[in-house]
Amino acid sequence: MISSRIHITRVVFWILLQIIILNNIFLFEAATPYLYILPIILLPLTINRQLFLFIGFFIGLIIDFFEGTGGVFAASTLFIAFLRPLYLRISFGLAYEQMTIKFHQESFLQKLAYASLMVLTHHIFLYTLEAFSLNNIIIILEKTIYSAILNVILIMLIFSFLAKNKKSV
Amino acid sequence: MQQIINFIVKNKNGFTFLLLFGLSIFLIINTHTYQKSKFLNFANQINGSFYSLKSSVNDYFQLKKENEILWDENQRIRNEIMNLKTYDSLNEDAQFISQSDTLFHFYKSKIISNNYRKNFNFLLLNKGTNDSIKVDMCVISPNGVVGIVEGVSQNYARVISLLNKNLSINAEIKKTNHFGSLRWEGNSPYYSTLLDIPRSAKPKEGDTIVTGGNSLIFPKGIKIGYIENYQLNQNTGYYNIKVKLSNDFTSLSKVYVLDNDHLKEASKLLNQQEYDQ
Chain A
1 MISSRIHITR
11 VVFWILLQII
21 ILNNIFLFEA
31 ATPYLYILPI
41 ILLPLTINRQ
51 LFLFIGFFIG
61 LIIDFFEGTG
71 GVFAASTLFI
81 AFLRPLYLRI
91 SFGLAYEQMT
101 IKFHQESFLQ
111 KLAYASLMVL
121 THHIFLYTLE
131 AFSLNNIIII
141 LEKTIYSAIL
151 NVILIMLIFS
161 FLAKNKKSV
Chain B
1 MQQIINFIVK
11 NKNGFTFLLL
21 FGLSIFLIIN
31 THTYQKSKFL
41 NFANQINGSF
51 YSLKSSVNDY
61 FQLKKENEIL
71 WDENQRIRNE
81 IMNLKTYDSL
91 NEDAQFISQS
101 DTLFHFYKSK
111 IISNNYRKNF
121 NFLLLNKGTN
131 DSIKVDMCVI
141 SPNGVVGIVE
151 GVSQNYARVI
161 SLLNKNLSIN
171 AEIKKTNHFG
181 SLRWEGNSPY
191 YSTLLDIPRS
201 AKPKEGDTIV
211 TGGNSLIFPK
221 GIKIGYIENY
231 QLNQNTGYYN
241 IKVKLSNDFT
251 SLSKVYVLDN
261 DHLKEASKLL
271 NQQEYDQ
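Protein sequences appear in the order of chains A and B. The opening residue of the first sequence carries number 1 in this note's numbering; numbering runs sequentially from there. The opening residue of the second sequence carries number 1 in this note's numbering; numbering runs sequentially from there.
Wrong hints could be hidden among the right ones.
Stated by the list, open to error - Straight line, CA to CA, 20 Å or less: simulated SDA-like cross-link-like pairs of lysine to any residue:
1. K12/B - L83/A
2. K110/B - G151/B
3. K223/B - D196/B
4. K111/A - L83/A
5. K165/B - L129/A
6. K165/B - A30/A
7. K108/B - H178/B
8. K54/B - A30/A
Stated by the list, open to error - Chain B regions said to be covered by chain A (calculated; three or more residues, Cβ under 8 Å):
9. 143-149
10. 222-235
11. 244-255
What the hints contain is simulated information worked out from the structure, not anything from laboratory work. For each residue, glycine too, the CB sits at the ideal point set by N, CA and C.
Please work from the sequences and hints to get the whole structure.
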């Protein structure tokens, strides 16, 4: 019960941060941090899969509501929520099968692989659905790649802070 | 029957996914069709109050810049008034000018939510039907054109920004009066593209682009931007002109909504003509 309350606070915190601050950032006219997907990346592995799909969908829908984009964010968060087990299996292998992942103990490369897979999938869906056509595919790809690089860097930084905290406690 | 139920239960994750994905695709398509104001206006009512709270905080950080812009505008308007006054004393027909000016009404308004990163950008204003804002009014800032009002609720108005791939407005080169259509290509919030300028126009870098007279929504001669560079398309014989927008869309805050008194009358006449044909 207590842990679920912590997760809810986390989700609310990242959504508010996204709406109030991060949505206004536009680095080099190409990259925006989308850190609201962090809770989707970090929710516990044991969570009910259907519940997880709904959580992903509604987190995206809230962002959509404030951005006025219909269902673009909802579709992309739903997609990464759906693919998360696959990505966990790809990046952590046996540790995922046995449900023994201790996130702060896993190697840097494994975490990097996991984060980049999630971020890339999210961004490709986000920008393609947002453009609503494939006419300017080069611009879409450019934005996707710049934004994805920025996000992966930020997420890896946040991971390393989390790891430090865990060790000190 | 039993087998179908078993199949659904077995693949319940996949079905949930498909259901929710279908729902989000439906929402996306819904926002891209023109008759969509119902859901969006409902959304605006709610997130409008949130954004106005947020912008009341943000305002303090932009006071200095806002002051500069207003100061510039004051200077320009003072110049124009002085010129008009001298014109007034010289010319008997000055009555005509002051009369035709009442065609437009200005309503001041504030942008409470601004978007410039997406392909289809919209702005949210803190004035709505209660302040007699209506659909199809034009929105300008001290520096130039901002967009067109697209949907209104009681207290908020949604504006389709110049930075929206669906919007195309009539624009002309101020010097030569050659007109074309201004479209945004979706990459940089500082530049837009002016298409269909004929070969005879001979544009120069730095020339001013203003709104053309062929639109019912925008009055003629409101500034849009300057020519950054241009390219002649050899196949069609038309210029593609890259326009540096005079508005900085990344830091817009105070705008005016312009009401054209004769818009309804004129558009009625135009529709009638189409009907007759």
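Do the hints match the structure? See the list:
1. For the hint pairing K12/B with L83/A, the CA-to-CA distance comes to about 15 Å; that is within 20 Å, so the pair holds.
2. A threshold of 20 Å between alpha carbons decides the hint, and for K110/B with G151/B the separation of about 16 Å falls inside it, so the pair holds.
3. Restraint check for K223/B and D196/B: satisfied, since their Cα atoms lie roughly 19 Å apart, inside the 20 Å limit.
4. A distance of roughly 16 Å separates the Cα atoms of K111/A and L83/A; the hinted pair therefore holds under the 20 Å criterion.
5. Straight-line distance between C-alpha atoms of K165/B and L129/A comes to about 14 Å, which keeps the hinted pair within the 20 Å bound.
6. For the given pair, K165/B sits about 17 Å from A30/A by alpha-carbon distance, which is consistent with the 20 Å threshold.
7. Under the criterion of a C-alpha separation no larger than 20 Å, the hint pairing K108/B with H178/B is inconsistent with the structure, at around 31 Å.
8. Among the hinted pairs, K54/B with A30/A is inconsistent with the structure: their alpha-carbon atoms are about 24 Å apart, more than 20 Å.
9. Given a C-beta distance limit of less than 8 Å, the hint that chain A covers the segment 143-149 of chain B is violated, as 0 residues qualify and 3 are needed.
10. Counting residues of the segment 222-235 of chain B whose beta carbon lies closer than 8 Å to any beta carbon of chain A gives 0, which falls short of the minimum of three for the stated coverage.
11. Given as covered by chain A, the segment 244-255 of chain B fails the check, having 1 residues with a CB less than 8 Å from a CB of that chain where 3 are the minimum.
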